[in-house]
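There are 2 protein chains.
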Amino acid sequence: MTKKVAIIGAGAVGMTVATYLKRHTDYDVLVFSSDTHTAYSQCGIPFVLEGIISDFPDLVISPPDTFIEMGIDLHLNTKVRQIDAGSKKVMSDSGVFEYDHLLIATGSTPFIPPIPGIDLGGVFTLHTLSDGMDIEAAINNNSKVVVIGANGIGIEVAASLARRGTDITLIENLPQVLPLTLDPDMASFIGQHLISMGIRVMTGTSVDSVNGQQRVESVSAGGETLPADIIIVTSGLKPLTSVAREAGYDIGPTGGIVTDERLRVSMNGEFQDNVYSGGECTQVFDLITGSPVISRLGSAARRMARVIGENLAGKETIYPPTLSPGVVVAGHLVAGSVGITSHTAKVHGINIISGSSKGYTRAGYYPGAKPLFIKLLFSKKRLVGAQVVSGEGVKERIDALSLAIGMGAKVDDLLGWETSYSPPVAMVIDPVTFAVEDAKNKMEGIA
Amino acid sequence: MTKKVAIIGAGAVGMTVATYLKRHTDYDVLVFSSDTHTAYSQCGIPFVLEGIISDFPDLVISPPDTFIEMGIDLHLNTKVRQIDAGSKKVMSDSGVFEYDHLLIATGSTPFIPPIPGIDLGGVFTLHTLSDGMDIEAAINNNSKVVVIGANGIGIEVAASLARRGTDITLIENLPQVLPLTLDPDMASFIGQHLISMGIRVMTGTSVDSVNGQQRVESVSAGGETLPADIIIVTSGLKPLTSVAREAGYDIGPTGGIVTDERLRVSMNGEFQDNVYSGGECTQVFDLITGSPVISRLGSAARRMARVIGENLAGKETIYPPTLSPGVVVAGHLVAGSVGITSHTAKVHGINIISGSSKGYTRAGYYPGAKPLFIKLLFSKKRLVGAQVVSGEGVKERIDALSLAIGMGAKVDDLLGWETSYSPPVAMVIDPVTFAVEDAKNKMEGIA
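Line by line, the protein sequences give chains P and R.
Residue numbering for the first sequence follows the working numbering, starting at 5 and increasing by one per position.
Residue numbering for the second sequence follows the working numbering, starting at 5 and increasing by one per position.
Take the hints with a grain of salt, since some may be wrong.
One copy or any two copies: either way a pair holds, since identical chains are not told apart in the list.
[Stated by the list, open to error] Here are the simulated DSS-like cross-link-like pairs (lysine-lysine), alpha carbons at most 30 Å apart as the crow flies:
#1 K148 <-> K319
#2 K7 <-> K362
#3 K444 <-> K7
#4 K26 <-> K319
#5 K93 <-> K148
#6 K242 <-> K385
#7 K319 <-> K7
#8 K374 <-> K7
#9 K26 <-> K444
#10 K93 <-> K83
#11 K26 <-> K362
#12 K414 <-> K384
#13 K446 <-> K319
#14 K362 <-> K374
#15 K444 <-> K384
#16 K444 <-> K93
#17 K414 <-> K444
#18 K83 <-> K362
#19 K242 <-> K414
#20 K319 <-> K93
#21 K350 <-> K26
#22 K374 <-> K83
#23 K414 <-> K319
#24 K385 <-> K414
#25 K7 <-> K83
#26 K93 <-> K446
#27 K350 <-> K414
#28 K362 <-> K319
#29 K384 <-> K319
#30 K362 <-> K350
By construction, these hints were calculated from the structure, which means they are not laboratory data.
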């Protein structure tokens, strides 16, 4: 009899695995999701709100029909209530289904900070396509918007709405924007740019209350009362694991489902051959610190899906410890980061020597050359973190540095790095070389 | 007494070393050049002709005064006639000078193919700032221009002149454009793009004669007679080594001056402690094939200058075998290459398995996403060559792949490469991953 794979979650992991299995195996594939939509680009939502992308359906990678035509048994708007690991059954709104293999890809849900008034009308999260549509319906050119939380998605939505002319205040608890991915010196370039876009940036500021009757009218923060029609809460995400937890699967210190290097789930410390987890509900390991982490990136989701698909197909593929390189687009600037920050290094007791440089993305005399800021972090001469801010060429440089960290590059490997040049696209020597030289000089006590 | 360094050549190598020595040592520094200008960006000349950069002096990195103020004894418009290695003397138009250390950085001169009529008026090379100025003075909107040679500089000048509306024919002996740096399949994207810009591209075509009385009137090529007012010869460069050769220094099979890994020059097979060579007159080694090569890139020149400067300053720095990553900008496309091509592999008897992909530079739904073509060449699972063509993000990807080759990346290292993502600047998974997977599948006999 044909074996059955039940997949809980129709996001990037769930639908990528489902598709992979239909292409490469003869499993029966069932997918359950409480969402109305199948896999779509969450990361694209700010750019629809900006108006660069015309409509939300553009973000749907493939509509449900595509998957149904592949022969995937797709249950949308369907909550999974319970997993019975013993009898291998999923209890869902659409009935009880047996499975041979299970994939838990339930994703995450926004973390809502416990602020008085946070449940008033006009307070939105920004996580699902429906969230995006709700904000779009509520917003107009006279809206006064407060964004709470200055990590990637908060920055991107603040910048996107500012570009369409909306009045924006961005409030961040910690003393800088992008606190999880950038050092303060690199973050300040982004903070200044947001200010230059007309955004009021309040870092080191906590929100005391959200005020109003039924709908939000103002926000109290930093001793001020800020008028506000719309609040967008981007204070982080928490893994959605209640069904997994209730079924007896182990949950790690990150709040994510514990997995091994094949992304198999454990029960009482024992990894289960037939149960996998992937995506934002899943705990994996950080390459530099070795600590458990949750990788929230779409790119990580796709990589995990590949590993799970191959394992289900009988190939023992592993998901190695992750670096999670990421980029954030804020107006005319892009901020990228990979590996650890100086703060993370400190928390883990890792001694860091850093090297920085400022250069340009083209020859100095070539029109349109954009300033380029690079910061590299070394531990015992090994590259462990990199941050890049510029108007262009950030994603590709972060990718290069991700490869460098992944391959264990030392400062001398990077000194020998030959870079390419043509005036419209490069400086003669890439600024990354100057950042490496700066670090090397510090190591030798020259600088 | 202060030691003297004599430098022959005021290009990227000569002036970078001179500056380095003035900053870090107390040498007396003499520089001789037959040129009127000090170091300038040769690579920028096509873009001045296009009109993107307003004037030729913009390409001069630093004018002579800057160097004179540093205390460099600068002899421009001064030919060095002879080096007396025994008595350590340079005989120049401006007199005889003793030296303790010598740097030969005489550069290269355009190779002029032996075509009947090639010495007529209206035939130009494109190598020095003066060449650029001469072309600018001769050209007008009705000019019919024939460019001979479709390597980097030929492509760039053809594209630049086409953009200002000039009638251009590009003739290349070999059956494709960019024959030294791209495989035929990758070159065809550039060839087609040049055609779409209105350039007539004649590959696999040799020029039989240049015709005219005193000035060129037409070109005979491929059985046709093409009207022409201006011919730009970009058929390659040859090292300028006559002074070095006459002084007794060894010249290698490439025509370049033989050097060791510290870029010291040899005489009768013996490397000289006090004589260096760098830049386009210098023979170095290719990292992949191990063969002697000449690196013609501005970026290589600067790296060599650094090595020579440090050695002169008493630090034993080496110039490792080179990959010479390069990018060429042709209209809206950029072509990049690093390591060896399939043709070079064949010449050296290296078996290659390649992987290719087509993707985009942004999310498919994000406006302005540009097609991106990647080809990777592997030998025994090790990356040995990479080619990228797109409208953006080429230079940085080539740099990443340059680092990968330099660090000895295997196909599995590249499969584990984590890339970053945000819709305005990336696909969820970078297309490089698909090219790696394609190669891996071929290695496993799947594709």
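Verification of the hints:
Taking CA atoms no more than 30 Å apart as the test, K148 paired with K319 passes in neither setting, with 53 Å inside one copy and 61 Å between copies. For the homomeric pair K7 and K362, neither the shortest alpha-carbon distance inside one copy (57 Å) nor that between copies (35 Å) is at most 30 Å. In this assembly of identical chains, the alpha carbons of K444 and K7 lie at most 30 Å apart only when taken from different copies (29 Å versus 57 Å within one copy). In this homomeric assembly, K26 and K319 come within 30 Å of each other (Cα to Cα) only inside a single copy, at 16 Å, whereas the closest approach across copies is 61 Å.
Taking the shortest alpha-carbon separations for K93 and K148, neither the intra-copy value of 48 Å nor the inter-copy value of 77 Å comes in at or below 30 Å. Proximity of K242 and K385 under a CA criterion of 30 Å is satisfied in neither setting, with 35 Å inside one chain copy and 41 Å between copies. For the homomeric pair K319 and K7, the shortest alpha-carbon distance inside one copy (16 Å) is at most 30 Å, but the shortest distance between copies (67 Å) is not. Taking identical chains as interchangeable, the C-alpha atoms of K374 and K7 are never at most 30 Å apart, the minima being 55 Å within one chain and 42 Å between chains.
In this homomeric assembly, K26 and K444 come within 30 Å of each other (Cα to Cα) only across copies, at 21 Å, whereas the closest approach inside a single copy is 51 Å. Taking identical chains as interchangeable, the C-alpha atoms of K93 and K83 lie at most 30 Å apart only when both belong to the same chain, with a minimum of 14 Å there against 88 Å between chains. Proximity of K26 and K362 under a CA criterion of 30 Å is satisfied inter-copy only: 23 Å between copies versus 49 Å inside one chain copy. Taking the shortest alpha-carbon separations for K414 and K384, both the intra-copy value of 9 Å and the inter-copy value of 25 Å come in at or below 30 Å.
For the homomeric pair K446 and K319, the shortest alpha-carbon distance between copies (17 Å) is at most 30 Å, but the shortest distance inside one copy (46 Å) is not. In the homo-oligomer, the alpha carbons of K362 and K374 lie at most 30 Å apart both inside one protomer (10 Å) and across protomers (28 Å), since each shortest distance falls under that limit. Taking the closest pair of Cα atoms, K444 and K384 come within 30 Å of each other only inside a single copy of the chain (11 Å); across copies the shortest separation is 34 Å, beyond that limit. Taking CA atoms no more than 30 Å apart as the test, K444 paired with K93 passes in neither setting, with 58 Å inside one copy and 37 Å between copies.
For the homomeric pair K414 and K444, the shortest alpha-carbon distances inside one copy (10 Å) and between copies (27 Å) are both at most 30 Å. Neither within a single protomer nor between protomers do K83 and K362 lie at most 30 Å apart by alpha-carbon distance, with minima of 51 Å and 38 Å respectively. Taking the shortest Cα distances, K242 and K414 never come within 30 Å of each other, neither inside one copy (35 Å) nor across copies (37 Å). In this assembly of identical chains, K319 and K93 lie within 30 Å of each other by CA distance solely inside one copy; the values are 25 Å within and 70 Å between copies.
With identical chains, the CA atoms of K350 and K26 are never at most 30 Å apart, being 46 Å at best within one copy and 40 Å at best between copies. Taking CA atoms no more than 30 Å apart as the test, K374 paired with K83 passes in neither setting, with 49 Å inside one copy and 39 Å between copies. Proximity of K414 to K319 under the C-alpha cut-off of 30 Å is restricted to the inter-copy arrangement: shortest distance 20 Å between copies versus 33 Å within a copy. In this homomeric assembly, K385 and K414 come within 30 Å of each other (Cα to Cα) both inside a single copy, at 5 Å, and across copies, at 23 Å.
For a Cα distance limit of 30 Å, the shortest separation of K7 from K83 inside one copy, 23 Å, qualifies, whereas the shortest one across copies, 82 Å, does not. In this assembly of identical chains, K93 and K446 lie within 30 Å of each other by CA distance neither inside one copy nor across copies; the values are 59 Å within and 40 Å between. Proximity of K350 and K414 under a CA criterion of 30 Å is satisfied intra-copy only: 20 Å inside one chain copy versus 33 Å between copies. In this homomeric assembly, K362 and K319 come within 30 Å of each other (Cα to Cα) only across copies, at 26 Å, whereas the closest approach inside a single copy is 46 Å.
Taking CA atoms no more than 30 Å apart as the test, K384 paired with K319 passes between copies only; the shortest distance there is 23 Å, against 36 Å inside one copy. For the homomeric pair K362 and K350, the shortest alpha-carbon distance inside one copy (25 Å) is at most 30 Å, but the shortest distance between copies (42 Å) is not.
Of the numbered hints listed earlier, those contradicted by the structure are 1, 2, 5, 6, 8, 16, 18, 19, 21, 22 and 26.
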